[in-house]
Amino acid sequence: MHLPEPDPARLAKKEAAVKALLAVLPRECVLHSAEDLIAYECDGVSAYRQAPMAVVLPRSTDEVSAVMKILHGLELPVVPWGAGTGLSGGALPLGDGVTVALAKMRRILDIDLDNGCAVVQPGVTNARISQAVATEGFYYAPDPSSQIACSIGGNVAENSGGVHCLKYGVTTNNLLGLEVVLADGEVLRVGGKSLDAPGYDLMGLLTGSEGLLGIITEVTVRLLRKPETARAVLAVFDTVEASGQAVADVIAAGMVPAGMEIMDKLAIEASEDYAKAGYPVGKEAILLIEHDGPEVEVDYLLQRTEVVLRAAGATEIRVSKSEKERLLFWAGRKAAFPAMGRISPDYYCMDGTIPRGALAKVLGKIRELSGSYDLRVANVFHAGDGNLHPLLLYDGNVPGELEKAEQMGAEILKLCVDVGGVLTGEHGVGIEKRDLMTYQFNERDLDAMQYVKCSFDAESLLNPGKMFPVLRRCAEFGSMHIHGGKVPFPELERF
Amino acid sequence: MDARKTGAQIVVSAEGATSTLYPDNTAAVQECVQTAVRDGSPVEVVGGGSKRFYGRPVSASRTLSLAKLSGVIDYQPAELLVVVRPGTPLAELERTLAESKQALAFEPPHWGAEATVGGTVACNLSGPRRVRAGAVRDHLLGFEVVTGRGQIVRGGGRVVKNVTGYDLSKLMSGSFGTLGVLTELVLKVLPAAETERTVVVTGLDDPEAIALLILASRSPHNVSGLAHLPRVVRAPTGLSGVAADGEPVTLIRLEGPAPSVEHRAREIVGLTARPTTSLEAEASASVWSALRELAPIAVGAGERLWRVSVPPTASAACSATLSTAAASSAAGATTTPRAFFDWGGGLIWCALPASLAATEVHRVAQEAGGHARLVRAADAAQESGRDEAVDQAFAPLDAASRTIHQRLKLAFDPSGVLNPGRMYADL
Ligand SMILES: Cc1cc2nc3c(=O)[nH]c(=O)nc-3n(C[C@H](O)[C@H](O)[C@H](O)COP(=O)(O)OP(=O)(O)OC[C@H]3O[C@@H](n4cnc5c(N)ncnc54)[C@H](O)[C@@H]3O)c2cc1C
Numbered sequence: 001m002h003l004p005e006p007d008p009a010r011l012a013k014k015e016a017a018v019k020a021l022l023a024v025l026p027r028e029c030v031l032h033s034a035e036d037l038i039a040y041e042c043d044g045v046s047a048y049r050q051a052p053m054a055v056v057l058p059r060s061t062d063e064v065s066a067v068m069k070i071l072h073g074l075e076l077p078v079v080p081w082g083a084g085t086g087l088s089g090g091a092l093p094l095g096d097g098v099t100v101a102l103a104k105m106r107r108i109l110d111i112d113l114d115n116g117c118a119v120v121q122p123g124v125t126n127a128r129i130s131q132a133v134a135t136e137g138f139y140y141a142p143d144p145s146s147q148i149a150c151s152i153g154g155n156v157a158e159n160s161g162g163v164h165c166l167k168y169g170v171t172t173n174n175l176l177g178l179e180v181v182l183a184d185g186e187v188l189r190v191g192g193k194s195l196d197a198p199g200y201d202l203m204g205l206l207t208g209s210e211g212l213l214g215i216i217t218e219v220t221v222r223l224l225r226k227p228e229t230a231r232a233v234l235a236v237f238d239t240v241e242a243s244g245q246a247v248a249d250v251i252a253a254g255m256v257p258a259g260m261e262i263m264d265k266l267a268i269e270a271s272e273d274y275a276k277a278g279y280p281v282g283k284e285a286i287l288l289i290e291h292d293g294p295e296v297e298v299d300y301l302l303q304r305t306e307v308v309l310r311a312a313g314a315t316e317i318r319v320s321k322s323e324k325e326r327l328l329f330w331a332g333r334k335a336a337f338p339a340m341g342r343i344s345p346d347y348y349c350m351d352g353t354i355p356r357g358a359l360a361k362v363l364g365k366i367r368e369l370s371g372s373y374d375l376r377v378a379n380v381f382h383a384g385d386g387n388l389h390p391l392l393l394y395d396g397n398v399p400g401e402l403e404k405a406e407q408m409g410a411e412i413l414k415l416c417v418d419v420g421g422v423l424t425g426e427h428g429v430g431i432e433k434r435d436l437m438t439y440q441f442n443e444r445d446l447d448a449m450q451y452v453k454c455s456f457d458a459e460s461l462l463n464p465g466k467m468f469p470v471l472r473r474c475a476e477f478g479s480m481h482i483h484g485g486k487v488p489f490p491e492l493e494r495f
Numbered sequence: 001m002d003a004r005k006t007g008a009q010i011v012v013s014a015e016g017a018t019s020t021l022y023p024d025n026t027a028a029v030q031e032c033v034q035t036a037v038r039d040g041s042p043v044e045v046v047g048g049g050s051k052r053f054y055g056r057p058v059s060a061s062r063t064l065s066l067a068k069l070s071g072v073i074d075y076q077p078a079e080l081l082v083v084v085r086p087g088t089p090l091a092e093l094e095r096t097l098a099e100s101k102q103a104l105a106f107e108p109p110h111w112g113a114e115a116t117v118g119g120t121v122a123c124n125l126s127g128p129r130r131v132r133a134g135a136v137r138d139h140l141l142g143f144e145v146v147t148g149r150g151q152i153v154r155g156g157g158r159v160v161k162n163v164t165g166y167d168l169s170k171l172m173s174g175s176f177g178t179l180g181v182l183t184e185l186v187l188k189v190l191p192a193a194e195t196e197r198t199v200v201v202t203g204l205d206d207p208e209a210i211a212l213l214i215l216a217s218r219s220p221h222n223v224s225g226l227a228h229l230p231r232v233v234r235a236p237t238g239l240s241g242v243a244a245d246g247e248p249v250t251l252i253r254l255e256g257p258a259p260s261v262e263h264r265a266r267e268i269v270g271l272t273a274r275p276t277t278s279l280e281a282e283a284s285a286s287v288w289s290a291l292r293e294l295a296p297i298a299v300g301a302g303e304r305l306w307r308v309s310v311p312p313t314a315s316a317a318c319s320a321t322l323s324t325a326a327a328s329s330a331a332g333a334t335t336t337p338r339a340f341f342d343w344g345g346g347l348i349w350c351a352l353p354a355s356l357a358a359t360e361v362h363r364v365a366q367e368a369g370g371h372a373r374l375v376r377a378a379d380a381a382q383e384s385g386r387d388e389a390v391d392q393a394f395a396p397l398d399a400a401s402r403t404i405h406q407r408l409k410l411a412f413d414p415s416g417v418l419n420p421g422r423m424y425a426d427l
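Protein chains in written order, with the working numbering: chain G, 1 to 495; chain S, 1 to 427.
In isolation and in its complexed conformation, chain S is listed as follows:
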């Protein structure tokens, strides 16, 4: 490809063996994909690159960066929607929405200042409020994409209620750029909560804490955050005033108009016999943003970070099983397996030693009625080569599901030029 094509506005920058393409409009993206198809040379699709470590690595000689395909195209607060280009920094979009007292209800983790909206959608990455407000996939109303066939396709629409044809927005969310390059996104936005408060309970062990979280999620009090940080996890700094060092902390968030938050927080406090404290407004917000950004777990050398999604009732036991398995896999290990719980127990974030085989993690998660995903491979292993676990970053699919995945991939990207291997070896 030419070093610089002004017509299609594709800037190419070469660093060593790989070159990066920076298209800044849909036609240019299309040209990049068509070239990739013609040359039989796959591309790695990236937004800001903040989640590049998440999933399987892509072997491609070219990177297709959406960083320059950026900006809000249309924001209509009254219609509760925003149309953005994929390379728009997440932080920038959130600031824009905040000016109109609105927000992305799914509270996306950033995992770095470079996080883009497109990457967030491609990873379907949702934060603590997912329990109440839904995931990214529940907020993607429509999109424009360049498929692996190099064709521009629009799906969904600009309205909340839409059942016209298949719901392709769902397919795009969480497909990790393996089916198409998203070039435009229509997202549902919602009014930001007027205020928030977090009820903090200390000293519970995992089963006790999960039981309390389940009680809270079963209550009519519309909780919007349910997390538990066991003793082995670092408490985010925002909690230093309310919990002693090293003490387990259980957090329950309430959001809404002040009188309602006040009332519901009182009811939540009534669910436990333990003493409670609370975090107000900004203090509460900063703790949840720390959780969202995984501050409680610093992954050390020789460790992998996993996210395990399970039914809440299975989570305490699942975490314990993983921890035992980890200990027996690494006799004399220097690291302690560490985990914390979000989504009322429905999501376990855990740092496990690389000695614990990925297949084992998947098996335990599956037996608990859920699935595991490798978020970050072990650094040490990366130095000495590749961490074998990345091959199984995503939970194995059963035969029926796998066939459909393969057919979808073949249909949308028949020559396999988009992020080959990002999710599974054959997708």
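With the rest of the complex left out, here is chain G:
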């Protein structure tokens, strides 16, 4: 991956920028010395690194707004930073830009259970929201595996998912309102505590916008009541394909479990070694299914699920008998990524989504690619919604291995698109999949996305270099200036 060359004209503004920022923020909130910046060199994609010009840590919406006004005035690009756990290089700094980190905005502002919501600042971790309302029996449904570390602002920016999003939806389905600071420092509020808002669905646009449209400074999340009970099934299969077919069968039987996850042989082995969840090492695939709800419902669904799984050829079926056992079933799955560290110096996590029906075909191809690239692949996936996470194992110290992994990853993602799927299901485009966007979208499709970008950030100061392979100048789309609140209707642009 080619990182952009810092622009000397921008670098020359560092001193002025730091001075201006120190005028609105205390010393500890403006980092600019080389050693202070190290912690912000990379997000979850550690293969790409670059130190930012400076890092600012505003403590309130007003401070974010003041910071953005300064940087807008200086025409310096801004990269928002939540907790830096992103897996697409979305928060990768720009050498000639300023990283705005939201870590100091971590207050839970309001918990309103009667209206089923909480209002939180962007730096609050995903898990903390659920913890804050746990004693009352509530939780925030989207549960990315990184939930103890990742920030809710980052979740909104990436529209993150989790293992339970099959039934409860991803981030965008669990939000009521947002406050964002726009590139020029203006504050925009959308939604609130009601179920919809006037006008276009700007909240929907901002969710998953990867820090390119605005800095999220407040989030109103929907809270759900915890189900009375939850139980998990662990089913063992002789082939990954058979486990995939079992997933389709469960859905065909009219059930939408809370979660359905598949792990292949290598993933089972690695997780077991790490998490000791009692996984059947040596088997080709396991399928984890969770049902939640009232006990009678869970019992009923489990019975039906067992019948389906048996018919689909499961060689062993374990049903959790206690909460402890259920958590153990999940412990292995949740540890799948970190466990890779045990069996490989580095891994590269892919994130394409495919129609469930294409699973067998795609897995077969991934196997072929693994052979031809001579890289091992462990497969973990959110099988219920077709979101694959092939983990390509490589050694960054061996020259050329990273490039090989990148190349193979790109082939897998193209394959996902070829079978009717998409490049990314939950990790985002970032810098990593940016150049593949043209494989999924044609020029006009991408133009439409850029209309959105230009409507929010015409100068492209927010997270430039991410998501779009080529960012066209907004002027190319014709005049979009609003004069005194009135829209001129200019001649139609000819292109």
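Bear in mind the hints are in silico, worked out from the structure with no lab data behind them. Heads up, a few of these hints could be off.
Taking lysine-lysine pairs in the DSBU-like style, the calculated list, with each CA pair at most 35 Å apart, reads [stated by the list, open to error]:
| no. | chain 1 | residue 1 | chain 2 | residue 2 |
| --- | --- | --- | --- | --- |
| 1 | S | Lys68 | G | Lys334 |
| 2 | S | Lys101 | S | Lys68 |
| 3 | G | Lys226 | S | Lys188 |
Since chain G is already given, all that's left is putting chain S with the ligand on it; use the hints.
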């Protein structure tokens, strides 16, 4: 435009001053839009026309009807998705899904037999189950659209989990055809509930009822419908057996496998000290469909129908405030303001006299932490001209939001040929 263009299959039918174009494929839609741009002559985009009254009227000399761009393109029950053309009648799609025991989880109101899928998406119109299953926007996975620039754009995809680029499906849902003409829709579908039951509680006043609905929505019992019909509202016929005439009725719906519904209904009954009755399966379904179709409120002459979306805790007071304001605006009025609550109180449907200014309704809704939208203008006023309230059918936007709306409109429809003024005067 030619009276009949066989090549692009655009049938034109002229009635009086306005002509209607009926394209039956995407290229033909594109041609219609390009012609509109070239001629500088805006079009009103309609599906079946069932929700034409909803929002602001469009002044256009031509109507672009999607009625002939109809039909299911691809339905894959195992993938939980269906790909349809916008002019597909909603009823037809629902029948198709029902054959595979599936449904649109957002339970769209029809508001007429002509309702189409495209119109439903354009209005982001969701029914009672929205509280649990989400709105239309949560189920639109992808689309094809002809923008106001006359370009064919695809967004989203055919899979549930997708974060590749901006989520344009959200932008399209609820944009009332002001940004583009939807030509294909990919919708998420879900298994239909095995059965349902509605717990009915009678005699509660608004605050008591909303308190019960909040209690139920806070419970772990996965309620999928939470409504309250005060005394002033007509109860749908399905309720005649369980509630006395004119009695307030509070309804709580449970759906799922029979043993689970049974269990949860019992728990819900336990939340109130009042006597309860229940409606089973079809009886329950018919009451919710009556609510969805707004059967409880017949809008009379000189009245407007509003929908007010608020946080549930604010709804009883908001409704009361509107009712008081209505009464004082129309001294000696012959109509009583009437309202009923859906979405656990989160949505108030109300008939208010035309004497109550639209600005006032918006102000009250906003103070309650939500927003109002005019659903149907007053008939009487329409006869004598235009109801002034339609100009403010949608809640006013603040400056920051308005600027972004205007830029989006300019970007997608720079010459303003698609449904100009449908949502706001300048969009
Ligand atoms: C071990 C591991 C497991 C993971 N599991 C999952 C999973 O199950 N599901 C899943 O979806 N993801 C998963 N992820 C990915 C990652 O955790 C999510 O994308 C998460 O939402 C990122 O949050 P963050 O706070 O770390 O954001 P960052 O990485 O800091 O930033 C991510 C992007 O959001 C932008 N951003 C951050 N905060 C803001 C803000 N306040 N305003 C505007 N833009 C902002 C950044 O510019 C960047 O583009 C996993 C990551 C790891 C390391």
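Structure-based check of all given hints:
{"no.": "1", "hint": "S:Lys68 x G:Lys334", "result": "violated, 50 Å"}
{"no.": "2", "hint": "S:Lys101 x S:Lys68", "result": "holds, 27 Å"}
{"no.": "3", "hint": "G:Lys226 x S:Lys188", "result": "holds, 25 Å"}
The structure shown violates just one earlier hint, number 1.
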